[in-house]
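Novice: Listed in order, the protein sequences are those of chains A and B.
Position 32 (the first sequence) corresponds to 32 in my numbering; numbering is contiguous.
Position 85 (the second sequence) corresponds to 85 in my numbering; numbering is contiguous.
Think of the hints as simulated: they come from the structure by calculation, not from any bench.
Among the clues, some could well be false.
Chain A residues, not near chain B, derived (Cβ > 10 Å throughout) [to be verified]: (1) A21; (2) T55; (3) Y106; (4) N118; (5) D124; (6) A217; (7) D255; (8) E297; (9) P311; (10) P339.
Only part of the chain B face toward chain A is listed, based on derived beta-carbon distances under 8 Å [claimed, not checked]: (11) E61; (12) L64; (13) V65; (14) F105; (15) L108; (16) L132; (17) L136; (18) G137; (19) S138; (20) D139; (21) E168; (22) R169; (23) L174; (24) G175; (25) G176.
Away from chain A, derived, C-beta distances all over 10 Å, residues of chain B [to be verified]: (26) L19; (27) A95; (28) R142.
For glycine and all other residues, C-beta sits at the position ideal for the given N, C-alpha and C.
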Amino acid sequence: MNFELNEIVIEERCRQSALTARVVSRAPATAAVTFATDVRNAVRPAAGAADPFGTGKRRMVVMHRRAPFLMACPAGSSEFACCGYLVLVLASNCPMDCSYCFLQEYLADNPGFQVYANYADAFDELERTRRRAPGRALRVGTGELADSLAFDRMTGISRDLVEFCAARDGLLLELKTKTDEIDNLLTVDPRGRTLVSWTLSPPHVVSSSEKGTAPPAARLAAAGSVLEAGYKVGFHLDPVIAYPGAERDYLALLDDLFDTISPARIAFISLGGLRMTPALRTAARRRHPRDPLLCGEEVLAPDGRYRTFTPLRASLLRALERRIAAASPAIMRYLCMEPPSIHRRVLGHAPAPAAALGAALAER
Amino acid sequence: MSDVDVAQAVRAWAEPRRLDRAHLERWLALDSYSAAAVLDAVCHLRLRVGQLQGALGMLEEIALVAGTQVSDVLARAPLKRILEGVGPAPARARAFVDELRAMRFPRLGRALERMKAEVAALKLPHTMTVALPKDLGSDELRIEMRVRSAAEFRDSLRTLKEKADGVERILELLGGGNSTQ
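Isolated chain B, as found in the complex (with noise of 0.2 Å):
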């Protein structure tokens, strides 16, 4: 497709699904190529405008980090998969989405993998929940215990402290202690 043929496919999609100005001019500024290969993202997985602009940034600002094209992102092996797969396309969709914000956020992934697997760990009771901050933007973790008797709560209590080691490990990741780089 030549420039021309490619914006005028970019618009073809944006304008009847309304996507705003701001996005359509980021999109329509990227080299040709990929701003194709996002339009044939774009239509192979069905994305809804939301996903296509929160998509678009990420893929720009990983390319920019990265120091190469969006279309260079696109044609890494793990969204190439997702794009070549089968299935549903609202699911490839969010695994989509999620795949760019695990190479967005690659540090901030693996940490947070590590965090909920040590949670996990817990093997905390159903009535029991450890909430991580979301995205690891504070050191605070909350603790939440569901009780209706004395009981429970004396029970609740008694769990809670036969779990403080793993509970203070998991503090310790928060505030950065065992390197998270």
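Bound-form chain A, shown alone (with noise of 0.2 Å):
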């Protein structure tokens, strides 16, 4: 997938870095290269931009991380049922652009598209992390504030961080992506360590919410390649967006899904209907006016975010809940950002408690 890029900043200390070196290598040619010795103004959003985010998107920001690497999951409340996943960040923004994204609030103050040099550092507090813990199994993911894959082309930075995890015991790292980018993955044995997750859309979401994603079936057809390769493979339905006919089109991915991965060797499927802060709910109808899915049956929830009104919500989760069941029982399946009533609706039980969630779908 060839992603937009205007123009690449590499901060003056990194210019020795071998992620340096990488990048600016299989930098496309339309990007033009220059160095800083102070990015922050790179980062920040560009002065003057009609859509300030957006022009964040493309310009990549080669830094170094000050701030730790590793972090609790920013959608983490005790509101929520909560897997207990662990943010690794080692880049922050996206070169796609979902209508929906959280990103477009979490990062309005700085949309430049961060990777950082000293990723290796990130390893070292991951390794002190798990010796904390012995005995714990860690659920380590990339894919929270960036797309896990999107620039691997560029950075190659997924196969030193599967060859790291996949040397040691009790870490599962999860790669969380929208796009096929797996030609590195395929490069290193992950030795079961490493979980590749979908988010899946249906084509009517991915046309008109996805802007620069891979098409369902590229997403599906790249989760059966890695499959075959030893990595694990999970799937994300979310958001799941209830226009009229969403009940049909969800059924049917599912079905493709099916037909492209045996039931029996999807790790997880998680689920979760749209949710937007009014904050976010401004700032997306605002970049993207002419997407009709947002403009949903979307009311203010107790938890001050725009859901689809529950009865909808509930019932076309709990469709897709039951496909999921018939195809295979032994599917782990939990929901995100759902309160503790809708999950005992839609999955018929209360939601486990974090660390008992986290450690479930880490032994997956």
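Take each chain as given, in its own frame, and dock them per the hints.
Specialist: Structure, rendered in structure tokens:
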């Protein structure tokens, strides 16, 4: 996949790094490469740009990360069933442009696409965390603030990461993506310690709301390939958008999934309804004024987010859950950012505590 | 009217009423047929500024979802009937906004109607209220009873127990039972 990139800004102190060498040698001809002592301005919203967030997506900043690489998932909250995911921040922002993406709010003040030349320091942090929790299965993902594989052809980070995790017990790496950029993954042996997960949406949602992403069939084909190469695979039907005809389309998507990947080989499927804070909704509608899927029947829920009104959302999630269970009751299913009562109505039981759910997912 | 005339007429309506800049710009950004149709509706129904702001947002969203123009939405039969109807303007203005909301949230409207009918069918005494969550934004039902004595309290509990099946049916609907699609 060729993502649009207008500019690459490299922090001067990272000039000699291996990542810089790879990025510069593989940069598209259209991207101007510059060096700067201070890259803070390159990360911030571009002054005068009509769409500062969109402009940030097309400006890659290779820089030294000063903050820790490892953090708790920002979606985690006492209000929702939580899967205990740890986020490894190796990049920030995404070259694709999904209209519903929470990064439009979360990264509004620093939208430049950051990649960190000192990413090897993240391995030290991971190792320290692993040693502090002996015997505990850790599930770590890089796909929260960025797509895990979007620029992997340029950065090559996935290979180092997969090899690092392959050599360590008790660590499950999750790479989350909407691309089919798997070439680097196919060159390393994950030894069963890396899971690649795809967010899946019906073609109608992809064409309306997921600009620049791989088509659903390409995502499924990529999943089939990495599975054969020894990776685990999982899928996120999240966000589920409740447009008229959504149930039919999402069920057809699940049928396509199970036709491509044997249900017995799927580590998990997560489900979650579309949700947007008022600020995200405003930003999303401003940036994507022609996307009708942002004008669904969402109402303000008790958690302060806009969500599809409850009976419709629960009914849709339950229909999907039933289809998954019919394909194989053994597939692990969980809901993301849904309140416990919806968990009970959709899955028929109360949500597991975060630690238990996280451990179960790590062991899949 | 030419595009310029429409823009002038819209400004002439907006300025004395201090319509905020964001809404004025959105109104002027509509195609001229649509901008003129909105102005026509606003004048016919004597919409207040707040009603115009809400109506404009819903009209844009209905048009986007339907893949059409705002002028086409305003030409739909239910809205046309209200616009061309008789009666006091404030009542027609309220009916207009209600109809827009029904068009903007059709499935929510149907679900709400069904649940309100279920609540009415409980035939609860006036001392008891079953309140649906606002806009069905959650699955929590609020049941309120007003009592002043132990006897009233026992009577209310007995009544509620008698209505348990109906209440359970409403809770089931709130949780997405019996398709609302």
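Novice: Would you mind marking each hint as holding or not holding in the structure?
Specialist: Each hint tested on the structure:
no. : hint : verdict
1   : A21  : 47 Å, holds
2   : T55  : 22 Å, holds
3   : Y106 : 23 Å, holds
4   : N118 : 43 Å, holds
5   : D124 : 44 Å, holds
6   : A217 : 25 Å, holds
7   : D255 : 19 Å, holds
8   : E297 : 5 Å, violated
9   : P311 : 5 Å, violated
10  : P339 : 8 Å, violated
11  : E61  : 4 Å, holds
12  : L64  : 5 Å, holds
13  : V65  : 5 Å, holds
14  : F105 : 5 Å, holds
15  : L108 : 5 Å, holds
16  : L132 : 10 Å, violated
17  : L136 : 4 Å, holds
18  : G137 : 5 Å, holds
19  : S138 : 5 Å, holds
20  : D139 : 5 Å, holds
21  : E168 : 14 Å, violated
22  : R169 : 13 Å, violated
23  : L174 : 6 Å, holds
24  : G175 : 4 Å, holds
25  : G176 : 3 Å, holds
26  : L19  : 19 Å, holds
27  : A95  : 21 Å, holds
28  : R142 : 12 Å, holds
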